Amino acid sequence: MSDSFELNISSSLDGLLSTAMPAEAPAEVIKAVTPWKKAIKPILLGLLLSVIGMEFLPFDIPVNSVGLIIAVTGYERLRKENKAFRAGWILCLAGLAVCFLRIVLICFAVPLEVSRLKAGSVLGVISVVIMLLMIICLYIALAKVKKKAGMSINAGNAWRVLMWYVVLRAMCLIFGLRDTLNINIRHMFVYIVLMLCAFALLLHALFRLMKELEEPGYAMELCAPKISGKALAGTLVAVAAVIFAAGHFFSTYPTKWEQTNKSSVPPQEASRLAESGMSEELISLLKDEDLAILNGAEIRAMETDSSREAAEKNIPLDMRSFIVRKGSDWYTLVYFEFEEGTEFCGTNGLARDWAGGMRVGDGTIEGHLLPDYISGRMAYDPARPADLVSPDLAVDELFVMDPNESSPYMKYHLGDNFAVFEGFSVTETANKLRGYVLTAIDPPSREEYSVSMSFIKCKPGFKPVSVSAKEFMDSYYKANIYALIYQTDYYSTADLMCFTVYNYKATLPVNELE
Amino acid sequence: MEDDRIIQLIQGKDQEGLQLLIKHYGPLIRYVVKPICGSDEGLTEDCIQEVLSRIWEKFQGFDPEKGSLKSWLTAAARNSALNMVRGKADHDSYEEIPEDVKSDSPGPEESAIKNAAAAAVRAAVEKLPEKDRLLVYRRYYYMQSVAQIAAETGLSERAAEGRLYRIRQKLAEMLKGYANE
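Protein chains in written order, with this note's numbering: chain A, 1 to 514; chain B, 1001 to 1181.
Hints are not guaranteed to be accurate.
[As the list claims (entries may be wrong)] Quick look at which bits of chain B chain A covers, simulated, 3 or more residues with Cβ under 8 Å:
hint, stretch
1, 1025 to 1039
2, 1150 to 1160
[Said to hold, decoys possible] In silico BS3-like cross-links for lysine-lysine, where the CA-CA straight-line distance does not exceed 27 Å:
hint, chain 1, residue 1, chain 2, residue 2
3, A, LYS211, B, LYS1131
4, B, LYS1127, A, LYS38
5, A, LYS211, B, LYS1066
6, B, LYS1070, A, LYS144
7, B, LYS1023, A, LYS41
8, B, LYS1170, A, LYS38
9, B, LYS1023, B, LYS1013
10, A, LYS38, B, LYS1070
11, A, LYS31, A, LYS148
12, B, LYS1131, A, LYS38
13, A, LYS38, B, LYS1023
14, B, LYS1023, A, LYS83
15, B, LYS1023, A, LYS80
16, B, LYS1170, A, LYS230
17, A, LYS31, B, LYS1070
18, B, LYS1070, A, LYS37
19, B, LYS1023, A, LYS147
20, B, LYS1058, A, LYS31
21, B, LYS1131, A, LYS230
Hints were generated in silico from the structure; no laboratory data involved.
Only a predicted model underlies this, so the values are computations on that prediction, with no experimental measurement involved.
C-beta: ideal position from N, C-alpha, C; glycine also.
Build out the structure end to end from the sequences listed, making use of the hints.
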């Protein structure tokens, strides 16, 4: 028997397999062999991931992208089933393109004008619209499948998916505006629970949608993908990874440093400024218009409280603060030196930073105000970057930004304080940097003012910038005046996602000048 | 619930039961029959009619205790379609048979060999990993084309063909061992 049987196997295994199959297939085979499950599951899973990511968790763009990559592997096979599936496939590809553009914005140093604040939010809105259209197309596509299967065209659960998606999206939008809407933390907790409930209902609707397809799904006809789902997903993930790596390692910020000579301060004025406690380095750095303000003004050096420095083990930094009174005008002047580069990964420094200010009185926000005067400079020696004293300097001017742009972060926890935000370029090439900020303040209404200076070092990571900004403001809300080297008009979100704050504080005894 | 109603109505020879069955399981029957009938639309339609008429006639043989209605319908649709396609093939290739030709029906020994071979193949298929087993069922039970398998499993046609080739090799190896015993 064995010889003939072996011969039979080698000669016509196909025929043998066909005839040897049992009359009735096992139940698990019957359950698993369907035309639609393997294609619809990725679509529904993709939609689900896209919803989870939207402003609800920190990883919105990566999760959204992964969701769409999974969905596109399903749509690719259903694109010939009907026109609505084809439209869904095209929308899914468009959504993926938008996601990739958003990843480019995250990973590359791009001008602020086209970055997250503007282009990013436009792309965000486009991706929401695409998602909504995708769900509508899914509804139409499933209704067509049911019609093809000779069943009622009511696609009830597809409608439920659409409804819960819209509800959840609206809730995400409100969640994103929680600061603007002044929703307190207790209400926010209830809100998050409600969002989770809406998400659970969406999940339930998707599950019911799957069940609803159990029989009409057999009418679907799929087309073979040109490359397998795994290969497609792997390729797209690899492309995203390449974009991220390219941005991280090769994207650079255009710096605005300019070569300049030391300012020539008249010897008499230089000596008067030196007597008030200003160092030679500071005096040599002062701009002409700032010198004009200091000329004839009453200047008092302040003591720097370095307790925070010790506590937080920050970059080595020396800070000297002065209060300046010229007639009825009051100013603060903060000079700083630090010895360490900023270590911006993937960049060679920051371009122009920004400054802005706001005043909050009696707990009521009165509006966003820039100080009447704000000026400053940052410098290093390009020939000897480790040395502070040099006849030649590379300098960058302080840049003042529209404070309304920064208002969402600045509003937080300021109480009745006044804050000034300002910044410079920083460069990786120099070990020692020095700079100053001269800011007008209102005539002081209390005994003393505090000046604190915060330096932010950015490192790549996936911590969302908004949360960090809140944490930052939480930590430093007690200071009355902030001067901080902060964002730039060229930045990569990846750099800003995780940053460390360095804070120094000085007290200004106002009474001594009154 | 729907299944119970269909079973009850068809067992009671109520035409509404058949209507319900067509509405509910029509896509499944077509799905099973179509790959067996190939691209011949007319044959597919005839096959579906034949399947429905056989279901109507043989439904008394369905025992819900032994398996689901879906499994039974799948088997009924497959077997009817296979019979019909084989019958058609025989009819198409009909020629006048010379009187001295021996009968095609197998003898007792040949039948025993075939039965043993079938049992060995089934046992070998059961030993395959689940994913491979499903591919075997798709190809040799549902008679699906490589293109259809590729589309429904998300593999490229080339990948599906490769997988089936490797499974066949694995089965040949497993059955060779059995044969040498």
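Going down the list of hints, with the structure as the test:
With 6 residues having a beta carbon nearer than 8 Å to a beta carbon of chain A, the stretch 1025 to 1039 of chain B meets the requirement of three or more and the stated coverage holds. As drawn, the stretch 1150 to 1160 of chain B meets chain A at 10 residues by the rule of a beta-carbon pair under 8 Å; at three or more, the given contact holds. Under the criterion of a C-alpha separation no larger than 27 Å, the hint pairing LYS211(A) with LYS1131(B) is consistent with the structure, at around 23 Å. For the hint pairing LYS1127(B) with LYS38(A), the CA-to-CA distance comes to about 24 Å; that is within 27 Å, so the pair holds.
With a CA separation close to 24 Å, the supplied pair LYS211(A) and LYS1066(B) stays within the 27 Å bound. The hinted pair formed by LYS1070(B) and LYS144(A) meets the criterion: a straight-line CA distance of about 23 Å does not exceed 27 Å. For the hint linking LYS1023(B) to LYS41(A), the alpha-carbon distance of about 24 Å falls within 27 Å, and the restraint holds. As the CA atoms of LYS1170(B) and LYS38(A) are separated by approximately 25 Å, the hinted pair is consistent with the 27 Å bound.
Distance check on the hinted pair: LYS1023(B) and LYS1013(B) sit about 17 Å apart at the alpha-carbon level, within 27 Å; holds. Distance check on the hinted pair: LYS38(A) and LYS1070(B) sit about 19 Å apart at the alpha-carbon level, within 27 Å; holds. Distance check on the hinted pair: LYS31(A) and LYS148(A) sit about 22 Å apart at the alpha-carbon level, within 27 Å; holds. About 13 Å separates the Cα atoms of LYS1131(B) and LYS38(A), which keeps this hinted pair within 27 Å; it holds.
For the hint pairing LYS38(A) with LYS1023(B), the CA-to-CA distance comes to about 24 Å; that is within 27 Å, so the pair holds. With a CA separation close to 24 Å, the supplied pair LYS1023(B) and LYS83(A) stays within the 27 Å bound. For the hint pairing LYS1023(B) with LYS80(A), the CA-to-CA distance comes to about 24 Å; that is within 27 Å, so the pair holds. Under the criterion of a C-alpha separation no larger than 27 Å, the hint pairing LYS1170(B) with LYS230(A) is consistent with the structure, at around 24 Å.
For the hint linking LYS31(A) to LYS1070(B), the alpha-carbon distance of about 9 Å falls within 27 Å, and the restraint holds. For the given pair, LYS1070(B) sits about 16 Å from LYS37(A) by alpha-carbon distance, which is consistent with the 27 Å threshold. Under the criterion of a C-alpha separation no larger than 27 Å, the hint pairing LYS1023(B) with LYS147(A) is consistent with the structure, at around 11 Å. Using a Cα cut-off of 27 Å, the hinted pair LYS1058(B) and LYS31(A) holds, with the two alpha carbons roughly 23 Å apart.
Only pairs whose Cα atoms come within 27 Å are accepted, and LYS1131(B) paired with LYS230(A) is accepted, the gap being roughly 15 Å.
When each numbered hint is compared with the structure, no violation occurs for any of them.
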